Structures are given as C-alpha cells and as structure tokens.
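Asks: If you want the building blocks of each chain, they are given just below.
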Amino acid sequence: LEDHLTGQRDYDLLVIGGGSGGLACAKEAAQLGRKVAVVDYVEPSPRGTRWGLGGTCVNVGCIPKKLMHQAALLGGLIRDAPHYGWEVAQPVPHDWRKMAEAVQNHVKSLNWGHRVQLQDRKVKYFNIKASFVDEHTVCGVAKGGKEILLSADHIIIATGGRPRYPTHIEGALEYGITSDDIFWLKESPGKTLVVGASYVALECAGFLTGIGLDATVMIRSIPLRGFDQQMSSMVIEHMASHGTQFLRGCAPSRVRRLPDGHLQVTWEDRTTGKEDTGTFDTVLWAIGRVPDTRSLNLEKAGVDTSPDTQKILVDSREGTSVPHIYAIGDVVEGRPELTPTAIMAGRLLVQRLFGGSSDLMDYDNVPTTVFTPLEYGCVGLSEEEAVARHGQEHVEVYHAHYKPLEFTVAGRDASQCYVKMVCLREPPQLVLGLHFLGPNAGEVTQGFALGIKCGASYAQVMRTVGIHPTCSEEVVKLRISKRSGLDPTVTGC
Amino acid sequence: MRRAVLGVGRAAAWRIRAGAESGQQRQRSPPLSPVPAPPPPAFRFVSRPGPAGSESETVEQSPPQSPGPGKAGDAPNRRSGHVRGARVLSPPGRRAHLSSPGPSSSSEAREELRRRLRELIERSRVMIFSKSYCPHSTRVKELFSSLGVECNVLELDQVDDGAKIQEVLSEITNQKTVPNVFVNKVHVGGCDQTFQAYQSGLLQKLLEEESAYDYDLIIVGGGSGGLSCAKEAAILGKKVMVLDFVVPSPQGTSWGLGGTCVNVGCIPKKLMHQAALLGQALCDSRKFGWEYDQQVKHNWETMTKAIQNHISSLNWGYRLSLREKAVAYVNSYGEFVEHHKIKATNKKGQETYYTAAQFVIATGERPRYLGIQGDKEYCITSDDLFSLPYCPGKTLVVGASYVALECAGFLAGFGLDVTVMVRSILLRGFDQEMAEKVGSYMEQHGVKFLRKFIPVMIQQLEKGSPGKLKVLAKSTEGTETIEGVYNTVLLAIGRDSCTRKIGLEKIGVKINEKSGKIPVNDVEQTSVPYVYAVGDILEGRPELTPVAIQSGKLLARRLFGASLEKCDYINVPTTVFTPLEYGCCGLAEEKAIEVYKKENLEIYHTLFWPLEWTVAGRENNTCYAKIICNKLDHDRVIGFHILGPNAGEVTQGFAAAMKCGLTKQLLDDTIGIHPTCGEVGNRRF
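For the record, the sequence lines run as chains P and V.
Numbers 1 to 493, taken from this note's numbering, label the letters of the first sequence in order.
Numbers 1 to 685, taken from this note's numbering, label the letters of the second sequence in order.
It is worth saying that the hints were derived from the structure and are not from the lab.
What you are looking at is a predicted structure, and each value in this text was computed from that prediction instead of being measured.
It is possible that some hints are incorrect.
Unchecked claim - Keeping only pairs whose Cα atoms sit at most 20 Å apart, straight-line, the calculated EDC-like set for lysine to aspartate or glutamate is:
no. : chain 1 : residue 1 : chain 2 : residue 2
1   : P       : LYS186    : V       : GLU112
2   : V       : LYS626    : V       : GLU433
3   : V       : LYS185    : V       : GLU208
4   : V       : LYS287    : P       : GLU426
5   : V       : LYS287    : P       : GLU187
6   : V       : LYS343    : V       : GLU539
7   : P       : LYS108    : V       : GLU291
8   : V       : LYS287    : P       : GLU101
9   : P       : LYS98     : V       : GLU291
10  : V       : LYS297    : P       : GLU101
11  : V       : LYS566    : V       : GLU539
12  : V       : LYS566    : V       : GLU208
13  : V       : LYS305    : P       : GLU87
14  : V       : LYS305    : P       : ASP80
15  : V       : LYS185    : V       : ASP160
16  : V       : LYS287    : P       : ASP12
17  : V       : LYS205    : V       : GLU142
To be verified - Every beta carbon over 12 Å from chain V, so not counted as near; a handful from chain P, in silico:
no. : residue
18  : ASP12
19  : ASP95
20  : GLU268
21  : ASP281
22  : GLU443
Said to hold, decoys possible - A few chain V residues that face chain P, going by a derived Cβ cut-off under 7 Å, partial list only:
no. : residue
23  : GLN295
24  : PRO573
25  : PRO675
Each residue gets a CB set at the ideal place from its N, CA and C atoms; glycine is no exception.
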C-alpha cells in the first residue's frame, strides 16, 4: 500500500544539510536499503569563506579548532622539552601559513572522504541550496543558478547554524571575521580581539595565544554561560596567567579601519561607563550562533520555529510540526549543539523511521570538552544546577587540586588543575556531574561519562583502582568534600 | 543487530546487580523470614566474578569514614532495637535492602554490633565465640582452662543475635565457623589454629605479652603500600613504625623513602616516557607550523638530573608526611627474630629490636638477574637506569615484561640504538593481540627485536661510561648462538619478592617457596594471624602501586577503624607506557575465552587514527581498541583494551564504568566527546 502511495516521489529520505547529523542520517538510511539524497550548500561567509561537504564540525568547528589547539599545545611542549633534556633553542617561532595549510589540507581530505562515503553507500549528493516548495518537495539552486526539484517521503532538516554578527555595531560586518573564517585564513590574524565569552571565543583566543599571537578576549558578562561557573572562572584564570588578555565587563561599540589598515575598536566599560579604544589586526566575533533556517522557506511546508531563536521546534522523536519532516542537530531548539549528539540523534531517528526501532535519543548526561589551553571536560550537572535541582543540603561536592606528573619536571604551574565530582549526599551518593580541568580532559571525561550513564555512585567510583601515574586517577581518588572545608590540594601519591 | 540486545536502562542495570548479588557466594544462609523476596531477575544469572559481587558491599557501605555528627546520640537505642530485631538469617547486604527503611540505618545497626564485638575482643584477654553444643568449641575452652587462663565466652546459640554476630565476625576475621578465638586482641582462629598456636608456642606468647609491645603496628617496607597503611593507621590513632631500607643494587644504586614506584618505577619511567613523547612532539610540531632547523639532540644528564630532583622532593615529602602523622620512620633493614619481635639493622650494622602487636609486610620486589656469567658485574636493571649518570648508549634490553618494553621504548625515543631480546612472548599475562601490536609499533619506530634468544654470557670489552659489553646469546629453539656488542645491557626479566631474608620462617609466615610470594586471605592476612602483607609480594594480586595503596589503606581501616571494606581486586585497570600506550581493564581475550568460552563472547574492535596524528603525518591503522562482551550477561563488558595516545587517561573512566556494570548497550547509548580518542568506544564499535 505504502509503495503505491509513495511511488511518485524521488526519494525515501531527503536530508537537507551535509553536516555531522545529516550525513549520519543519510548513511544510516542507505545502509537500511533506502533511497536517499543529501543536499548541502555552504553560503559564503560575509568575508567570502566557503568550504566543502561535512558541515561545521569538519570545516569550521571541532576538527580545525582541535588541530590548532594541538599546534598551541605543541608550543607548550617545545618549551617543556629542554627540561626533559632536549636541546632546542628557544624561542621557536611559529608560522601560521604552514599550520593553516596543513589543517586546511586535512579538512579537504575529510570533505573528499565524506563524498566518497556517500558514493559508496549510493546516497545521491547535490551541492545545491534548498528551500521548501511544499511539504514533500524541495527546490534546489546550484551555484550556476540552475534549479532542481526533489521530492521525498521523509525529510530531515539538519542545516545547523552559523556565527552571529552583532547588528548594531558600526563596522562589525565589514571588518570583523568569525569562526567561519579564522581556520581558513591564509595569513596570520596577528593581534586579535575576540569578542564573546562562548567556548568558541575562549578556544580561539587560547590557541592564538598559544601560537604566540597577541590575543584579547572582550567579555560583556559571564564566561561559558551554562557551564559550571567555578570551572569557567578557573579556565579564564589559567588563560590570563598564560598570556591571554581579558577585557571584562566591556562591550564594543564600533570598529573602524585606520589608514594603516589596522582596526580600531571602541568599547564601553560597563562598570565605569568609560569609553576606551584599542587597535588590532583582526576582530573575531564569537558571540553566539544562529540557526540556518531563514532561506529554507519553512512556512511553505508548515514547519514551526521558535519565534525567539528561529530554531526548529521538535518533539522527543525529533518530529517537527509536519509529521514526515524531522530536524536534528544545531538547528533544533533546546538541544546541545554538539557533533556526537547530532550524529547519535540522526542515527536513532533513521532507525526509528526505517529500522523498526523505538529507541529515543537521551539528551541527559551528554559529556563535552572545551579545548581551552587547559582543557575542561564535563558531564552531567554543574554544581549550580545540582544545587538548584536538589538543594544545597542534598548535594555533596568532592574536589581536588592536583599536579600532573609531567608538570613537575617541566616546572609548570598547576594552580588550575582541578577536578570535582558533584554527588547526591544520601548514600549511595549517585554521581550527578563530573568536572575536570587539566591536560587531556576529553580523554579523561569520556569513560566517566559512561560510568555516569551506568548510574555510578560515589562509592563505586572510589572503589575503582587508579591508573598510576595519570591525571585521570585523581577522579577515583577524590576524598575531600567541599562541605568538610579541608584543603583539597593533593600531596604525594 | 546492535540494538537487539535486551533493553538495559538504568533501572534494569540496578536490577542486574541485585540479581547478581543474590546469585553469588552469599548463599550460606538463605532468607528464612517473612521478608518479601526481591523480584526474580528477568534472566538467568550467570556466575560472574565481576563487579557485581563488589556491588552489594558498596550499597550497604556507610559513607566513607566518619560516622557523622548526631549519630552517637541515637546509638544506644538503635543498638538493642536493631540487633534484637534482626530476625533474618539472610546475608547483611540483602537485609540492608529489604527489612530496613533505609540502607543507612541498617548499616548503622551493623556498625553498632561491630563496635560491640570489638569492645568485647579488646576488653578480654581471651575471647571465645562459641556454640554450647559444639565439640570443637568445648576443646578450645578446655585447652584454656588447662592453661589456667580465664576466658570470656559468648555462646552464639544462646543469644538472640547470635547469627548476626557470626556474620559480622566472619566479616572481621574471614572465618565463618566457631569457635572463633581471640587472644589479646589478636585473632588466632578456630580450634585447629588455636591448638597449632599452642604447639608452636605462639599462644603462650600471645597470652604473655599483654600490650607491652613497643608499637601497635610495625610496617616492614616504606613503599606505596606500606606508607599508605602506616599513614592510615596513624590517622586512626595508633602507634606506628615504618622500617625501610634499600639494599643497594649490584651496581651500587640505592635511593630514598617511597619504594619502587617513586624511585625506580612509575614516576621516573613515566617522566622518561614523557621525555620520549616530547621528542615525538618536536617532530610533529614542525608540521603544525613551529619552525626550527637545527637537529635537536637529547641530553641524558639534563633529563636524569631533573627527574632525580623531582624524586628527591618526593622522598622528602614522604618523610615529612610520616613525621606529621607521628609515624616512627627507621631507615633500617627489618628481620623477624621471634613472635612479635623484629630486628632492625641500620647502614652501620647497628641492631635494634622492636616489638609490635601486629605487623604488615610490604617489602615489595627487586629485579631478577639471569644467573649467568657477568650479569651482576656488568648488567644494569631498572633499579639503576633512572639514575644512571651517563647516557646508556647502544642498549640491549633483555626481557619482554612491561618494564622491558617501556624502557626500550623511551631509550629508542631519545634516539638510542635499542635491541630487545625476548625469550618467548611479549607482555605475558596481557592480551596477546595487544601485546603484539605494542611490539610491532616499537619495531616500526626503530626498536630491534631478537626473538627466541636468551643471553648466556656477558663480557666486558671496555670500561667506561658507558663501557662496551659483549653479549653471547643462544637460541631457545636450536643450537644457534649470536654475539652482539652493546654499551649497556639492561635486564628486565622479572622481579623477585623480598621475602626470603626477613626472618619469616622464624615466626612461621608461609611463603610460596617457588615464587617467594606470600599467600594471604581476602583480608590480607598471612598464615600468622597478627602478620599481614600488602603490595607486590602478595600471591595472585596485581603488582600495581594504586592497588598496594588501596589495600594498605583499607587494611589499616579494618584493623584499627570501624571499616569492613575489603580491597577489591576485580577489574583493576592498568596502562603500559610504551611509545604507543596500552591501557586495559578486565580480561584479556585469551582469558575471557578460557573463562566464558568463545561462543559466549562478542568482541568489538576498531582501528582508529587520532586527529592529532593526521596533520602530523603519523601512521593510520595503528591505534586500536577492543572490548570483550559476555553475551550470556547482557553483553556486559568484561575486557577493555586500547592502544593509542593517552591510553591511561582514557582507560580510567572506562574502568569506573566497568565497576558500574558497563554493557555494550550503555556504551552505544553514551555520547562521545569529539574529537578525542576516548570517543572511539562510543563511535566506532
């Protein structure tokens, strides 16, 4: 019966957006034997930057930023090396062009890899800009202006988001760049002002500082909103002590290009009300992201979006207001904006659509890591959130300041190496959240995220034998509670 | 397929553990009471020595340490009420769940009972827990009365809470039966042990000595295990002494307080490993835009000095922390001379004698020698390498233990010419697929392997720093012999327990004659009741610092605190810091097949390419991870293995998850952190 009804349409599934989530959907559906098409189109950034298939993560997100973060970490290791006997003359200069080229080449190889994967799975790929014609039909416009109509039984919207530009700041759009551009710059950005307090802002400022550039972060209110605030302030503290400058409580008012080509930024210090200026080579806006929904003609299909955020509204099955249209990833209202979340949500969605599954995506306890110079990994609730939900008297926080073994010989400062575990106070003290600030935080956090998924209690984590000498063993050695007021500095083995 | 497995949400996972608990060991007294039985598990429980067993204790365990304010106040009422009200002959863990309103109040009651028993034991010169109809109990009572010794006897069949008392006793002493005899606070044992002690003279000794000992506890060995036990005992208010003495290696190397890990183990090796990784990082950094032209050389002396400085600061830190806790530290060699008495010999040969009520042996191990011509004269071991005042140069590493491979790995990382001579297999006891991968990565990175050869003679060709040594080796398979010239020969063929020259035979502590290891029960007690042992010298226990620390600490808490918690040796994670690190937790594939049969296992594996390696131009298809799942138990993860950068950091959390009963389904349901190596488990299997 279904075949008869749907025989007219081109595809079983059409995916709009070739990012992490969209590609995962497409590949999963193809594997289940469905006829699938993916449409992807990168609207150039205001500065003209464009890229290939794979979406934000691959092109202008996780991948290039982690690689540039790695470049910065290597800078630190080069400074460590003489302590460990390597005779390398300091300081070692860094060449942006060389790094950027290497990173960009890797990204291009990934773009290629994604195309090959789609081909292998017989997924039809169109490099076209899509908009809805009706609830089953999408019109795509290719680069040359050629139009094509595609129809499908099911449509998944996975168009993601793009960096937001400030709207009322003179010169912002003309002279500023965003994370869409920074990884594709051929030349070093030079002295940079990063505006914003998101993780994108801090990560970018962090690696720019790490490769030897002069970087300043301008923060209007609080850093890393939504993250644990104690951890956030330690992240900032660490960055500040490693050369990143901070302008706290300041908001930019205009950007001008000086005759010598430098950018003059004027800002207001919101506490004193005074105006101040500075000159920079680059101004990077990292003040948030907006969903890529405007050009989709969603109203033609009847897909509802949030009037505030323009994000698409979905139910727990990722379904939109139109029964056969779904949305996943950063374009969706109220979801964590993370690659692995989009991938898993996409896969589960397709398994429900075509694989007879009924498993829903569980958005709780999603682990993540901020790749600031000192990495911050977390999973579960922040301390504030735990207290808000359960009450101060029902929450026990175990914490420790520790010193990574590798820091000792290198003479590094470990003041901000810190771990805390937020638990319920009543036995068996269920773990609500874990927060880890230190080297390789992502690697450390992942396994504990599994533990929390398994319903770990404080006692169980404490019964886990440590791996010596690592940083992650500090987690299973957490014995001091905040409530006790004892000094949480780890001494000795 | 992947999702066809029974749905295991969080609630179901908890049910599994409850099922596991009922299915395991504690069946000696089935519930007889009107207490409602737990819902039957929705599956057949398959006996599994895994985390489930440990789970039950976790649940009933009171919050760590301090009883907390306010508790003392309501104790008296609760004591009688709860102990009398204990109607059920079921194991305590179970009752804690079922018959009491909350786990904490029930564990409090048990805690009270335990305290009461401890009081009884501490107040009585001789305390016998007995049953009035038991002939063995009668024999013991007669023995003491024939010695004219007054005993305190508690007939468990004549008190209301006898069964409960017997349970708690079994937890304290690891002895389930009566009679259960204590003399001057020392647990002697049952009927047979009491008569043995009488025949050996130990019993008389125990009766004599009252508490005239110099110390509550003397610990022989100031390594990770010994120190943690000492500090914990001191925190609990006991008078504690630590005897530590480093017998110089045949090459004359010795070191300070802290034992193997700090001085000649984990700490220096991880730092040298880090130095080698930095060499790799320097190569990588060029690809990431860092510019330097010169050929970077490695300076052994600079590194070693820096590492030794760090170690000195740790030695100092340990002494300080012992002093702060008022633990007596004596830098002397300890040797038992008679029951409860030890001789301490210092560097100058001066002898002092100390007595203690209880002892902990934590003497650890030292590297083994080959027993061939020239080995002790010319070879070094890991005892010497980390403080070697000169670069070892061209090095032959003999052995395939993790020590051998780690040392070979970092030496090659400094650019030295390194050969590893292997008698049979790499990393015995570890997963062999992983071990071979560790080896082949090293081989690709310049380490040479001579397989199936053993050295037969070492000759010195030239003296010097380093000198030149000729090594003659023969094939283990044929008659072939080979010769090689090296600057340094490092032996890493295994380690021997330091248990043969400490007078254990004088007091009757049994050791495994072959291995030299000390067999202990699950409360780390040796064959002599007042002597305990922790760390690398234990038979059948992992030789790892964190294990020794944990077991030392828990031992002290059981001996002197109110704790019941035993050291849990299941699913102990570890990491081998070879150039490509190898982290693991749980069973090796071979072992899993042996225990569970191949057809009951599902093994998921994947190669992966760390993001940082791509731009650095390092090899693809090298890093590897696998998990071993038990199909008969909800695809529970029983083995985790990962070969890649930061394997230790990755493995730790997986180990915690395995403690919590990790299944494949839960692994699939957990979101990865992108881009990390750790996400490999969530993304790729």
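Asks: Each hint: holds or not?
Replies: Now the hints, each set against the structure:
1. P:LYS186 - V:GLU112: violated (72 Å)
2. V:LYS626 - V:GLU433: Distance ~10 Å between LYS626 of chain V and GLU433 of chain V Cα, so the pair holds.
3. V:LYS185 - V:GLU208: holds (13 Å)
4. V:LYS287 - P:GLU426: Violated - the C-alpha atoms of GLU426 of chain P and LYS287 of chain V are around 52 Å apart, more than 20 Å.
5. V:LYS287 - P:GLU187: Roughly 17 Å separates the two Cα atoms, so the pair holds.
6. V:LYS343 - V:GLU539: violated (25 Å)
7. P:LYS108 - V:GLU291: violated (24 Å)
8. V:LYS287 - P:GLU101: holds (10 Å)
9. P:LYS98 - V:GLU291: holds (10 Å)
10. V:LYS297 - P:GLU101: violated (28 Å)
11. V:LYS566 - V:GLU539: holds (16 Å)
12. V:LYS566 - V:GLU208: violated (31 Å)
13. V:LYS305 - P:GLU87: holds (15 Å)
14. V:LYS305 - P:ASP80: holds (15 Å)
15. V:LYS185 - V:ASP160: violated (24 Å)
16. V:LYS287 - P:ASP12: Violated - the C-alpha atoms of ASP12 of chain P and LYS287 of chain V are around 44 Å apart, more than 20 Å.
17. V:LYS205 - V:GLU142: Given pair LYS205 of chain V, GLU142 of chain V holds - Cα atoms ~19 Å apart, limit 20 Å.
18. ASP12: Holds: least Cβ distance 20 Å, greater than 12 Å.
19. ASP95: violated (5 Å)
20. GLU268: holds (36 Å)
21. ASP281: holds (18 Å)
22. GLU443: Violated, because the least Cβ-Cβ distance between GLU443 of chain P and chain V comes to about 4 Å, which does not exceed 12 Å.
23. GLN295: Since the shortest Cβ distance to chain P is 9 Å, the answer is violated.
24. PRO573: Holds: closest Cβ of chain P sits about 5 Å from PRO573 of chain V, inside 7 Å.
25. PRO675: holds (5 Å)
Violated hints, in rising order: 1, 4, 6, 7, 10, 12, 15, 16, 19, 22 and 23; the structure is consistent with all others.
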